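Visitor: Starting from the given sequences, assemble the full structure and let the hints guide the process.
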Amino acid sequence: MSIDVLGISCYYHDSAATLVRDGEIIAAVQEERFTRRKHDPGFPDNAINYCLEEGEIDPNELSAVVFYDNPLQTFDRIVKSLLHAAPNGVDQWLKAAPTWLGLKLKVQQTIHERLDPDVKVLFSDHHMSHAASAFYPSPYSDAAVITMDGVGEWATTAVGAGHGESLEIFDEIRFPHSLGLLYSAFTYYTGFRVNSGEYKLMGLAAYGEPEYESLIRDHLIDIKDDGSYRLNMDYFGFLDSNMMISQKFEDLLGGPAREPESRISRRDMNLASSIQVVLEDVVLKLARRARKQTGLPNLVLAGGVALNCVANGKILSEGIFDNVWIQPAAGDAGGALGAALVASHTYFDVPRQVETRGRDGQKGSYLGPAYSNREVKAFLDYREYPYSQVSDDERAATVASAIADGKIIGYMVGRMEYGPRSLGARSILGDARNVDTQSIMNLKIKFRESFRPFAPSVLEAYCEEYFGLKTDSPYMLLVAPVNEDRWIVSDTVIPDDGDMLPLINRPRSDIPAVTHVDYSARIQTVSPAEKPDYYAVIKEFEKLTGYGLIVNTSFNVRGEPIVASPEDAYRCFMRTGIDMLVLENCILIKNEQPEFPEDVDWKDTYAVD
Amino acid sequence: MARQIHEYHPTIGYTFIPELRARIPHEAGGYTVKTNSKGFRCEHEVTADKPPHTYRIALFGDSFTAGDGVNNSQRYGDVLEKRFPGLQVLNFGLSGTGTDQQYLIYQQFVKEIEFDLLMICPWVENIRRVAAHYRLVTSRAEGEEGYLAKPYFELQDRKLNLHQVPVPKGTFTKDQLPEQDQDYVDVGGRHQLARELVNTYLKPLKSVIQSATKFQPVPAYDDPNNPDWQLMKAILVQWASESGGRPVLIAPIPMYHHIEQSAPADGIVQRFEELEQHPNINVVNTLPRFWEEPTKDRKRCRFKTDPHLTPYGHQVLADALAPAVSRYVEAAK
Numbered sequence: 001m002s003i004d005v006l007g008i009s010c011y012y013h014d015s016a017a018t019l020v021r022d023g024e025i026i027a028a029v030q031e032e033r034f035t036r037r038k039h040d041p042g043f044p045d046n047a048i049n050y051c052l053e054e055g056e057i058d059p060n061e062l063s064a065v066v067f068y069d070n071p072l073q074t075f076d077r078i079v080k081s082l083l084h085a086a087p088n089g090v091d092q093w094l095k096a097a098p099t100w101l102g103l104k105l106k107v108q109q110t111i112h113e114r115l116d117p118d119v120k121v122l123f124s125d126h127h128m129s130h131a132a133s134a135f136y137p138s139p140y141s142d143a144a145v146i147t148m149d150g151v152g153e154w155a156t157t158a159v160g161a162g163h164g165e166s167l168e169i170f171d172e173i174r175f176p177h178s179l180g181l182l183y184s185a186f187t188y189y190t191g192f193r194v195n196s197g198e199y200k201l202m203g204l205a206a207y208g209e210p211e212y213e214s215l216i217r218d219h220l221i222d223i224k225d226d227g228s229y230r231l232n233m234d235y236f237g238f239l240d241s242n243m244m245i246s247q248k249f250e251d252l253l254g255g256p257a258r259e260p261e262s263r264i265s266r267r268d269m270n271l272a273s274s275i276q277v278v279l280e281d282v283v284l285k286l287a288r289r290a291r292k293q294t295g296l297p298n299l300v301l302a303g304g305v306a307l308n309c310v311a312n313g314k315i316l317s318e319g320i321f322d323n324v325w326i327q328p329a330a331g332d333a334g335g336a337l338g339a340a341l342v343a344s345h346t347y348f349d350v351p352r353q354v355e356t357r358g359r360d361g362q363k364g365s366y367l368g369p370a371y372s373n374r375e376v377k378a379f380l381d382y383r384e385y386p387y388s389q390v391s392d393d394e395r396a397a398t399v400a401s402a403i404a405d406g407k408i409i410g411y412m413v414g415r416m417e418y419g420p421r422s423l424g425a426r427s428i429l430g431d432a433r434n435v436d437t438q439s440i441m442n443l444k445i446k447f448r449e450s451f452r453p454f455a456p457s458v459l460e461a462y463c464e465e466y467f468g469l470k471t472d473s474p475y476m477l478l479v480a481p482v483n484e485d486r487w488i489v490s491d492t493v494i495p496d497d498g499d500m501l502p503l504i505n506r507p508r509s510d511i512p513a514v515t516h517v518d519y520s521a522r523i524q525t526v527s528p529a530e531k532p533d534y535y536a537v538i539k540e541f542e543k544l545t546g547y548g549l550i551v552n553t554s555f556n557v558r559g560e561p562i563v564a565s566p567e568d569a570y571r572c573f574m575r576t577g578i579d580m581l582v583l584e585n586c587i588l589i590k591n592e593q594p595e596f597p598e599d600v601d602w603k604d605t606y607a608v609d
Numbered sequence: 610m611a612r613q614i615h616e617y618h619p620t621i622g623y624t625f626i627p628e629l630r631a632r633i634p635h636e637a638g639g640y641t642v643k644t645n646s647k648g649f650r651c652e653h654e655v656t657a658d659k660p661p662h663t664y665r666i667a668l669f670g671d672s673f674t675a676g677d678g679v680n681n682s683q684r685y686g687d688v689l690e691k692r693f694p695g696l697q698v699l700n701f702g703l704s705g706t707g708t709d710q711q712y713l714i715y716q717q718f719v720k721e722i723e724f725d726l727l728m729i730c731p732w733v734e735n736i737r738r739v740a741a742h743y744r745l746v747t748s749r750a751e752g753e754e755g756y757l758a759k760p761y762f763e764l765q766d767r768k769l770n771l772h773q774v775p776v777p778k779g780t781f782t783k784d785q786l787p788e789q790d791q792d793y794v795d796v797g798g799r800h801q802l803a804r805e806l807v808n809t810y811l812k813p814l815k816s817v818i819q820s821a822t823k824f825q826p827v828p829a830y831d832d833p834n835n836p837d838w839q840l841m842k843a844i845l846v847q848w849a850s851e852s853g854g855r856p857v858l859i860a861p862i863p864m865y866h867h868i869e870q871s872a873p874a875d876g877i878v879q880r881f882e883e884l885e886q887h888p889n890i891n892v893v894n895t896l897p898r899f900w901e902e903p904t905k906d907r908k909r910c911r912f913k914t915d916p917h918l919t920p921y922g923h924q925v926l927a928d929a930l931a932p933a934v935s936r937y938v939e940a941a942k
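As given, the protein sequences belong to chains A and B, one line each in that order.
When the first sequence is numbered by my numbering, its final residue is 609 and no position is left out of the sequence of numbers.
When the second sequence is numbered by my numbering, its final residue is 942 and no position is left out of the sequence of numbers.
Quick caveat, the hints were computed from the structure, so don't treat them as lab data.
Note that the structure is a prediction, hence the values are computed from the model and not measured.
Watch out, some of these pointers could steer you wrong.
Looking from chain B toward chain A, a few residues come up when the C-beta cut is under 8 angstroms (computed) [as the list claims (entries may be wrong)]: (1) Q613; (2) G638; (3) K905.
Partial chain A-side listing against chain B, Cβ under 8 angstroms, derived [stated by the list, open to error]: (4) N49; (5) L52; (6) E53; (7) E165; (8) S166; (9) E168; (10) Y382; (11) E384.
Within a straight-line C-alpha distance of at most 20 angstroms, the following computed DMTMM-like cross-link-like pairs (lysine to aspartate or glutamate) qualify [claimed, not checked]: (12) B/K647 with A/D381; (13) B/K643 with A/E595; (14) A/K590 with A/E567; (15) B/K778 with B/D766; (16) A/K543 with A/D533; (17) A/K292 with A/D142; (18) A/K377 with B/D766; (19) A/K285 with A/E213; (20) A/K444 with A/E592; (21) A/K590 with A/D381; (22) A/K38 with A/D225; (23) A/K120 with A/E61; (24) B/K913 with A/D116; (25) B/K942 with B/D792; (26) B/K778 with A/D142; (27) B/K643 with A/E56; (28) B/K643 with A/E113; (29) A/K407 with A/E394; (30) B/K778 with A/E567; (31) A/K38 with A/E567; (32) A/K539 with A/E464; (33) A/K292 with A/D225; (34) B/K778 with A/D381; (35) A/K314 with A/E213; (36) A/K407 with A/E542; (37) B/K778 with A/D322; (38) B/K905 with B/E869; (39) A/K224 with A/E209; (40) A/K377 with B/E616.
For each residue, glycine too, the CB sits at the ideal point set by N, CA and C.
Guide: Here it is as structure tokens:
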């Protein structure tokens, strides 16, 4: 009898489900991919259905269902926080109470109703779930663990260590002192969407100077040498109101928050740069402390802050640890995975098999649904969409040739990625050498004028030809510099009106589409073992052009969840300026497709990050 | 977005997508549709030759046979297979089809393969589908209603003539249906408006209303000369004549109205008994076995809102068929 554990995360943001069998990850997927509602927080019915499908298992055969969080502890935190803030915070309580009393405290009942009345239901702690998601799939027998996010139950930051099957958290920083919430406060203040736009703030940081760093350190956060910190709650609103920041925060930093979608000013860039510097300082100090406390050469990371790949790159380049592994679904979605893994190894005593054949136990994070060629053809034939069918080799050659010709490709092959990054299974591809790629992708596909460059997917063996990165980065979670001999150095001064466009579109290297304003790149290394079809595309491109890398961005439009099914992919293909769509071994050309009339303007459907 | 489970077929209209694994959300928690390389919900690959020392049944029907609502292993065909060592059941059931389409499946996929017994289990409601040229369906992937074309036969001078092949692709709105076909649309039952009203506003009273009115969902069986029955009968007889001399077992699967005795089933029983006049056809009336169940347990044979058989219902149906199957298996030894 196998031990089959279903992990669930939901009711905050990024609901997800995972299935772990005898310690091996069988399936993992976010609910948003099915409901088409970004960061969907609802009970993950569809994600669970997929996990059961992949595992060919019924709910009554599950060993347990594990929830990623302890609702009672979180409720305790909310109640105590509000009592502390009283008489303020009544509005916040009135807003939160119905959800808590109606949904979150009834998790067990809901699981029994939706799955099986007799299934065992277990609960993990929020940061233990994050820690487990980082440690157990990592390629290390022993590792220091750091988790950082907004808040989970009481904890906001945790430090611990894993050895074999055991995992321990020995230090915590507790709410309201939160690095994640501090960063989110600046996300809000600079006009981006909290819990969604943090990556934009990180990208914006490269344009600015850390002029506000001292103000932040002097007033907002007190950072100790060991990485522990305290926020000055006079400046924040999340304890006693529905706002991230207080009036005092705005007074300190010289004005109100930027209106979403309004022009980004030089001040916003400097704010982004400043908070990024502060965040990196805390993260590096925490890493040094974890190294000192554990004496271990390996570090694993999870929690939403671990998606800050600039900070991750700094940990690596500082050489604090010999090896660093980051859970690609570092946010709350990954909690579902961690919950299932920690239950498997510590409750059911499943022996841990440290992955030695591949890179790790995460399987490239290709853990979501795939659609067979027959399913794709059934979809296309039923609707009479014209396509041609090709072999694997022909597909790689055709796609590579089209990219080299400056075409933009929607690429959907194999199992969907788990986590927020597209890694070549649900990706839009383009030519990194082409100076126009970035603006074409931004304007015709993403429908945004982004200041962020796209990420490169580079053949693992060629990485050092392009980037100052001496390790693999399969999950696009490390930022490293483009090699200096490739730089095209030019004036980087932003005009006083803050118009970044001229600067954004100026080539900065011979791979301009993936080179950020500070000559950095957010890198995905691609190996033939984990994603042979995608490797073959880049390899063919290398044969044609001499460049072993291409542009990879997520297969979606602004504000939309990444596509999951052939239908999602076709819809995105037809709504955008994508030239060619690859659905498994079927290739579709835009100008051969019939008209795609829609009743509503889809751009109104998705909220902006 | 739900996984698409059917693909277009020019003669049958559609089949399951081959080598599919799809878990279908369902009121009972969900079930998994697994298909073989030919596109049937069958645990076995369809080989031209049957395995040695095996008694092979080629089984046909609609969703009750394909197993809507249950996993492959819980279906009556699979239950029977487990009960008789050496028995192999090739399940060619296809959801949403009429007996006409099931006959076409036989012609397309089965006629040339080796088997011992042809077993046809039409859900008695299929008589409406046999008469229809289009069916009202709800796309599982998109959740949209539309009309799906199907192949159909017409009985002219005692001969069956096949029409609407190749089957038009896609779904149609009511306005798009050809004028001459407007009266040949299966909308899923009689008295569509009344059904919708009851299902929307009087659902808790549905059973009471059906019992009180003795609502007969398939009145076509009450008249031996009914054209829909004549057509269905002609298809079954023609099909049996193409069995290559093998025995043919026909076991109509009753609707819940008949199992729960809210509607009379006399007409159904009498009509199918007519088929036994043909030399190689044996008919099994499965109702007596269902009626052996205590009245309160008969509802356990179907889901709360989905009329398909529950795993329990499949067990009862397998019980009903087992004596006849046993006779064939034993005779072959």
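Visitor: Determine for every hint whether it applies to the structure shown.
Guide: Against the structure, the hints:
1. With a cut of 8 angstroms, the hint placing B/Q613 at the interface with chain A holds, because the nearest CB-to-CB distance is about 6 angstroms.
2. Because the smallest distance between the Cβ of B/G638 and any Cβ of chain A comes to about 6 angstroms, under 8 angstroms, the interface hint for this residue holds.
3. Below 8 angstroms, beta-carbon pairs count as interface contacts, and B/K905 has none with chain A, the closest being about 21 angstroms; its hint is therefore violated.
4. Residue-level restraint check for A/N49 holds (minimum Cβ-Cβ distance to chain B is 5 angstroms; threshold 8 angstroms).
5. The interface hint given for A/L52 is met, as the beta carbon of that residue sits about 5 angstroms from the closest beta carbon of chain B, less than 8 angstroms.
6. Given hint, A/E53 at the interface with chain B, holds; its Cβ is 3 angstroms from that chain's nearest Cβ, closer than 8 angstroms.
7. Here the hint on A/E165 is broken, as its CB sits about 31 angstroms from the closest CB of chain B, past 8 angstroms.
8. Using the Cβ-Cβ criterion of 8 angstroms, the hint placing A/S166 at the interface with chain B is not satisfied: the shortest such distance is roughly 34 angstroms.
9. Checking A/E168 against chain B: minimum C-beta separation of about 37 angstroms lies over 8 angstroms; hint violated.
10. Here the hint on A/Y382 is kept, as its CB sits about 6 angstroms from the closest CB of chain B, short of 8 angstroms.
11. Proximity of A/E384 to chain B holds as hinted, the smallest CB-CB distance being about 6 angstroms (cut-off 8 angstroms).
12. Distance check on the hinted pair: B/K647 and A/D381 sit about 17 angstroms apart at the alpha-carbon level, within 20 angstroms; holds.
13. Under the criterion of a C-alpha separation no larger than 20 angstroms, the hint pairing B/K643 with A/E595 is inconsistent with the structure, at around 35 angstroms.
14. Restraint check for A/K590 and A/E567: satisfied, since their Cα atoms lie roughly 15 angstroms apart, inside the 20 angstroms limit.
15. Straight-line distance between C-alpha atoms of B/K778 and B/D766 comes to about 30 angstroms, which puts the hinted pair past the 20 angstroms bound.
16. Proximity of A/K543 to A/D533 is assessed by CA-CA distance (about 15 angstroms); at most 20 angstroms being required, the pair is judged to hold.
17. Proximity of A/K292 to A/D142 is assessed by CA-CA distance (about 14 angstroms); at most 20 angstroms being required, the pair is judged to hold.
18. Of the supplied pair hints, the one linking A/K377 and B/D766 is violated, its CA atoms being roughly 41 angstroms apart against a limit of 20 angstroms.
19. About 16 angstroms separates the Cα atoms of A/K285 and A/E213, which keeps this hinted pair within 20 angstroms; it holds.
20. For the suggested pair A/K444 and A/E592, the alpha carbons sit about 18 angstroms apart, so the restraint of at most 20 angstroms is met.
21. Under the criterion of a C-alpha separation no larger than 20 angstroms, the hint pairing A/K590 with A/D381 is consistent with the structure, at around 16 angstroms.
22. Pair hint A/K38 plus A/D225 does not hold up; C-alpha atoms about 38 angstroms apart against a cutoff of 20 angstroms.
23. Distance restraint check for A/K120 and A/E61: the Cα-Cα separation of roughly 10 angstroms lies within the 20 angstroms cut-off, and the hinted pair is therefore satisfied.
24. Straight-line distance between C-alpha atoms of B/K913 and A/D116 comes to about 16 angstroms, which keeps the hinted pair within the 20 angstroms bound.
25. Pair hint B/K942 plus B/D792 does not hold up; C-alpha atoms about 50 angstroms apart against a cutoff of 20 angstroms.
26. Between B/K778 and A/D142 the CA atoms are separated by roughly 58 angstroms; this puts the pair beyond 20 angstroms, and the hint is violated.
27. For the hint linking B/K643 to A/E56, the alpha-carbon distance of about 10 angstroms falls within 20 angstroms, and the restraint holds.
28. About 26 angstroms separates the Cα atoms of B/K643 and A/E113, which puts this hinted pair outside 20 angstroms; it is violated.
29. Distance hint between A/K407 and A/E394 is fulfilled; the C-alpha atoms sit about 17 angstroms from each other, no more than 20 angstroms.
30. Among the hinted pairs, B/K778 with A/E567 is consistent with the structure: their alpha-carbon atoms are about 17 angstroms apart, no more than 20 angstroms.
31. Proximity of A/K38 to A/E567 is assessed by CA-CA distance (about 17 angstroms); at most 20 angstroms being required, the pair is judged to hold.
32. Using a Cα cut-off of 20 angstroms, the hinted pair A/K539 and A/E464 holds, with the two alpha carbons roughly 16 angstroms apart.
33. For the suggested pair A/K292 and A/D225, the alpha carbons sit about 12 angstroms apart, so the restraint of at most 20 angstroms is met.
34. For the given pair, B/K778 sits about 9 angstroms from A/D381 by alpha-carbon distance, which is consistent with the 20 angstroms threshold.
35. Between the alpha carbons of A/K314 and A/E213 the distance comes to roughly 18 angstroms, so the proposed pair stays at or under 20 angstroms and holds.
36. Between A/K407 and A/E542 the CA atoms are separated by roughly 16 angstroms; this keeps the pair inside 20 angstroms, and the hint holds.
37. Proximity of B/K778 to A/D322 is assessed by CA-CA distance (about 60 angstroms); at most 20 angstroms being required, the pair is judged violated.
38. Distance check on the hinted pair: B/K905 and B/E869 sit about 9 angstroms apart at the alpha-carbon level, within 20 angstroms; holds.
39. Proposed proximity of A/K224 and A/E209 is contradicted: the alpha carbons are some 23 angstroms apart, above 20 angstroms.
40. For the proposed pair A/K377 and B/E616, the alpha carbon gap of about 8 angstroms is at most 20 angstroms, so the pair holds.
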